[in-house]
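Enquirer: Read off the chains here:
Protein chains: 2
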Amino acid sequence: MKFLQSFGPNPRRVRMYMLEKNVQVPSVELDILGGENRGEAYKKKNPSGQLPALELDDGFVLAETVSICRYLEELHPNPPLIGTTAKERAETDMWIRRVELDVTGYMLDAFRYSEGLKLFENRVRCLPEAAAGMKEKGRDGLKWLDGLLAGKTWLAGNRFTLADILLYCDLDFLGSVGQPYDTGLKNIDAWFKRAAARPSAAASLHAASAQTGMRG
Amino acid sequence: MKFLQSFGPNPRRVRMYMLEKNVQVPSVELDILGGENRGEAYKKKNPSGQLPALELDDGFVLAETVSICRYLEELHPNPPLIGTTAKERAETDMWIRRVELDVTGYMLDAFRYSEGLKLFENRVRCLPEAAAGMKEKGRDGLKWLDGLLAGKTWLAGNRFTLADILLYCDLDFLGSVGQPYDTGLKNIDAWFKRAAARPSAAASLHAASAQTGMRG
Numbered sequence: 001m002k003f004l005q006s007f008g009p010n011p012r013r014v015r016m017y018m019l020e021k022n023v024q025v026p027s028v029e030l031d032i033l034g035g036e037n038r039g040e041a042y043k044k045k046n047p048s049g050q051l052p053a054l055e056l057d058d059g060f061v062l063a064e065t066v067s068i069c070r071y072l073e074e075l076h077p078n079p080p081l082i083g084t085t086a087k088e089r090a091e092t093d094m095w096i097r098r099v100e101l102d103v104t105g106y107m108l109d110a111f112r113y114s115e116g117l118k119l120f121e122n123r124v125r126c127l128p129e130a131a132a133g134m135k136e137k138g139r140d141g142l143k144w145l146d147g148l149l150a151g152k153t154w155l156a157g158n159r160f161t162l163a164d165i166l167l168y169c170d171l172d173f174l175g176s177v178g179q180p181y182d183t184g185l186k187n188i189d190a191w192f193k194r195a196a197a198r199p200s201a202a203a204s205l206h207a208a209s210a211q212t213g214m215r216g
Numbered sequence: 001m002k003f004l005q006s007f008g009p010n011p012r013r014v015r016m017y018m019l020e021k022n023v024q025v026p027s028v029e030l031d032i033l034g035g036e037n038r039g040e041a042y043k044k045k046n047p048s049g050q051l052p053a054l055e056l057d058d059g060f061v062l063a064e065t066v067s068i069c070r071y072l073e074e075l076h077p078n079p080p081l082i083g084t085t086a087k088e089r090a091e092t093d094m095w096i097r098r099v100e101l102d103v104t105g106y107m108l109d110a111f112r113y114s115e116g117l118k119l120f121e122n123r124v125r126c127l128p129e130a131a132a133g134m135k136e137k138g139r140d141g142l143k144w145l146d147g148l149l150a151g152k153t154w155l156a157g158n159r160f161t162l163a164d165i166l167l168y169c170d171l172d173f174l175g176s177v178g179q180p181y182d183t184g185l186k187n188i189d190a191w192f193k194r195a196a197a198r199p200s201a202a203a204s205l206h207a208a209s210a211q212t213g214m215r216g
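Protein chains in written order, with the numbering used here: chain A, 1 to 216; chain B, 1 to 216.
Simulated from the structure, these hints should not be mistaken for laboratory data.
Some clues are possibly wrong.
Put simply, identical chains are the same to the list, so a pair is met inside one copy or across any two.
To be verified - Here are the simulated DSS-like pairs of lysine-lysine, each with C-alpha atoms no more than 25 Å apart in a straight line: (1) K87 with K2; (2) K143 with K193; (3) K2 with K44; (4) K21 with K87; (5) K45 with K87; (6) K118 with K135; (7) K87 with K44.
Let's have the full structure, built from the sequences with the hints guiding it.
Expert: Rendered as structure tokens:
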């Protein structure tokens, strides 16, 4: 297998996941800031032009952060980061969807349409007119998650899961590009600090973070 | 188990999935058009206020369409609609994400912010200013999927999967509320007709579809 990766919050999700798993996969670095992932060579592998991707030994290219982690979870079940029973796995999936579809998806798109516009305007269709409202939707979502975290250590209760990894990597990145979470959200704030204290958090940061000031 | 459901494209996804599986779960009907799902009684079960949800025998409420289907897939593996190997399951997950995150998620939000505004403006934060652009992003996404479907029967090749169910239910609904797909997309069009011809397609439509003119 080869892990095709780069700087950025999406590749970082998988790096942090692999560090938590203690799984090593040989990686190939692409220049995402220079747009190498939008070139024809890479798009033959992943037609979405997004990073990261996992190239399997049979040549099949698996894209999408969560799909890559699901695959690795089946190869390396321990420690479990999705779940050990059907119910646990489904519950983790529910939290993954709540994080992405109701919270950070809006915030990351809003970044592309505002602070990140110069980087993204020639890569994807950008909607600057939507940025302010999508940031608001993200803030609504975080406030909602804050309530749901009451009395819990992690999103799925006592289990640290892939859903926490996604939320942590996304919020850490967003905080560095103009969308810090409201530290008045006490449950989110305490949860964030717990996640940030895991060794995988610092270890998954790409070297380009220091140069760019963006945490990815 | 109890299936908490209603009219609408999201509950329909799970209905179609269960019909394909020949799985029956006793269901409880909620009045989504009247907003019963946004009331406190239901939000105690699913704090997102979204339908459907699956209430397990131990009282745990599993929300999110795809999470419910994942759970049922583990209880009832045949016929497989996610996959029979780690690679197949991860590939299906990749297609689910491409469908939702790159295509229909934008279109469904755009519906809420435009044609569906009267229904949604008191339920969720709506961004009318984003609707036109999000419809464009959906059209971009469909054109992209059209290319990826070339030479294939279903999104994951020869396997009919949950990803096809999501795309079909979403596009069928969207076509009835002002966002028909471009029939000039020949691969999408042929794929849609293949999906629509499955007995589960008609059988999963809610009775309220006839009254509302919306296919959900």
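Enquirer: Could you run down the list of hints and mark each one as holding or not?
Expert: Here is how each hint holds up against the structure:
no., hint, result
1, K87 with K2, "between (31 Å within a copy, 15 Å between copies)"
2, K143 with K193, "within (17 Å within a copy, 42 Å between copies)"
3, K2 with K44, "within (15 Å within a copy, 44 Å between copies)"
4, K21 with K87, "both (21 Å within a copy, 19 Å between copies)"
5, K45 with K87, "between (34 Å within a copy, 16 Å between copies)"
6, K118 with K135, "both (18 Å within a copy, 22 Å between copies)"
7, K87 with K44, "between (37 Å within a copy, 19 Å between copies)"
Every hint from the earlier list agrees with this structure, and none is contradicted.
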